[in-house]
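Engineer: Here is how the chains run, residue by residue.
Number of protein chains: 2
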Amino acid sequence: MTKTKAGRPRSEKAKQAVLNSTYELLTESGGKKLTIEAIAQKAGVGKPTIYRWWPSLADIVLEAVLNQADVKIPVPPYESLNTTLRQFLRSSMKSINEGDGSNLRYLMSLAQQDESFRDRFRENFVAKRQEILKSILRQAVDANDISSTQDLDMLVDLIFGSMWYRLLIGHGTMDEVFADKLTDIVIKLGNSDEVC
Amino acid sequence: MTKTKAGRPRSEKAKQAVLNSTYELLTESGGKKLTIEAIAQKAGVGKPTIYRWWPSLADIVLEAVLNQADVKIPVPPYESLNTTLRQFLRSSMKSINEGDGSNLRYLMSLAQQDESFRDRFRENFVAKRQEILKSILRQAVDANDISSTQDLDMLVDLIFGSMWYRLLIGHGTMDEVFADKLTDIVIKLGNSDEVC
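In order, the protein sequences belong to chains A and B. Using the UniProt record's numbering, the first residue of the first sequence is number 1, and each one after it goes up by one. Using the UniProt record's numbering, the first residue of the second sequence is number 1, and each one after it goes up by one.
Bear in mind the hints are in silico, worked out from the structure with no lab data behind them. Check each hint, because a few of them may be wrong.
Just so you know, same-sequence chains aren't split out, so a pair can sit in one copy or run between any two.
Lysine-lysine pairs mimicking DSS-like chemistry, simulated, CA-CA at most 27 Å apart [stated by the list, open to error]: (1) K13 with K181; (2) K32 with K47; (3) K134 with K188; (4) K181 with K134; (5) K181 with K128; (6) K94 with K188; (7) K32 with K94; (8) K47 with K33; (9) K181 with K33; (10) K47 with K134; (11) K188 with K15; (12) K15 with K181.
Looking at chain A on its own, in the form it has when it is part of the complex (with noise of 0.2 Å):
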């Protein structure tokens, strides 16, 4: 796509409007107010346009949702396992109860239903969730908090999969009780092939 000097800020804008005004969207209805027409409305987009960018409602929901999770759970220079993955997952567990528990809830039943999204769920949007964590767990190795022996994706599956385990169950609680009880778990498993 070429695009004139001008012409990329004022895409660049309305695409940033129009996933604003998703989130927006999301926040007041829980989603029930949530269609495209809405959207294009809120933001002074034609739809046209919105659809040029995104393949369906659901991408926009995504990209939004992902975007909202890069602002409200920033990843702390890092400083122990203790500290540094404790205040990630406690920052996680407030975004979750903050309202964007039911948006990732609705993103995972989507999934479910059509296999194309599930292939970009899983590709922009979970991989993305699962670098992040993974990042603050490879800096754990370098500062020998985890040996290196440790298989780090193992270690994001538990972490991440009791987080959505509960979140879509809906049988616990998503605190910082659960927040420290996963920190010390990955502080048991990233040490336990030390001697004793």
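Given chain A's structure and the hints, the job is docking chain B onto it.
Structural biologist: Okay, now just chain B, sitting in the frame of chain A:
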């Protein structure tokens, strides 16, 4: 509900026919041909009878899948955490790979769309599967294979959480290797309070 002497066995038989027919339709078509009509016809049971027994199609699927899980994932008599949990998790992976994975994904997706079904899914399905896994862990505590200070509910969340996560997202395999990794992790965590 009062039942005649002859009525009870007949209705139990009809109920089982509905569950078996549901499971067969799920397996044959991946759920695509699954309607109350198709189930009623295959089972030779009237639609009004089916509606009297189950609030929705999803609830029939829930019970049919739970029934199959009990059959396909036997709980072996407790031997050791290493042997018994490994065997149980390997059977679980096998059942998921042989087709039950898509049924589970269907149920989880519905649970995100309908809050009252989510409650029934949690209570009538998930809680029962959690209880079965927890009974193995409880026997492990009795056999001193897991420290009595361990939070067994948390271990269940780690195991089933990471399994659901891989199943729903599709980023990792559901196989014996994964079953064995999970078993090894539980063994490590279970013993982590012991003085070394």
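Engineer: A separate judgement is required for each hint: does it hold in the structure or not?
Structural biologist: Structure-based check of all given hints:
1. K13 with K181: Answer is neither: 41 Å inside a copy and 47 Å across each miss the 27 Å cutoff.
2. K32 with K47: Cα proximity of K32 and K47: one copy only (19 Å, versus 32 Å across).
3. K134 with K188: Intra 17 Å, inter 21 Å, cutoff 27 Å: intra and inter.
4. K181 with K134: both (18 Å within a copy, 18 Å between copies)
5. K181 with K128: Answer is both; intra-copy 24 Å and inter-copy 24 Å each pass.
6. K94 with K188: Result: close within a single copy only, 24 Å intra versus 30 Å inter.
7. K32 with K94: within (23 Å within a copy, 39 Å between copies)
8. K47 with K33: within (16 Å within a copy, 35 Å between copies)
9. K181 with K33: neither (37 Å within a copy, 44 Å between copies)
10. K47 with K134: neither (37 Å within a copy, 51 Å between copies)
11. K188 with K15: The answer is neither: 44 Å in one copy and 48 Å across copies each exceed 27 Å.
12. K15 with K181: neither (39 Å within a copy, 43 Å between copies)
In this structure, the earlier hints numbered 1, 9, 10, 11, 12 are contradicted, and the remaining ones agree with it.
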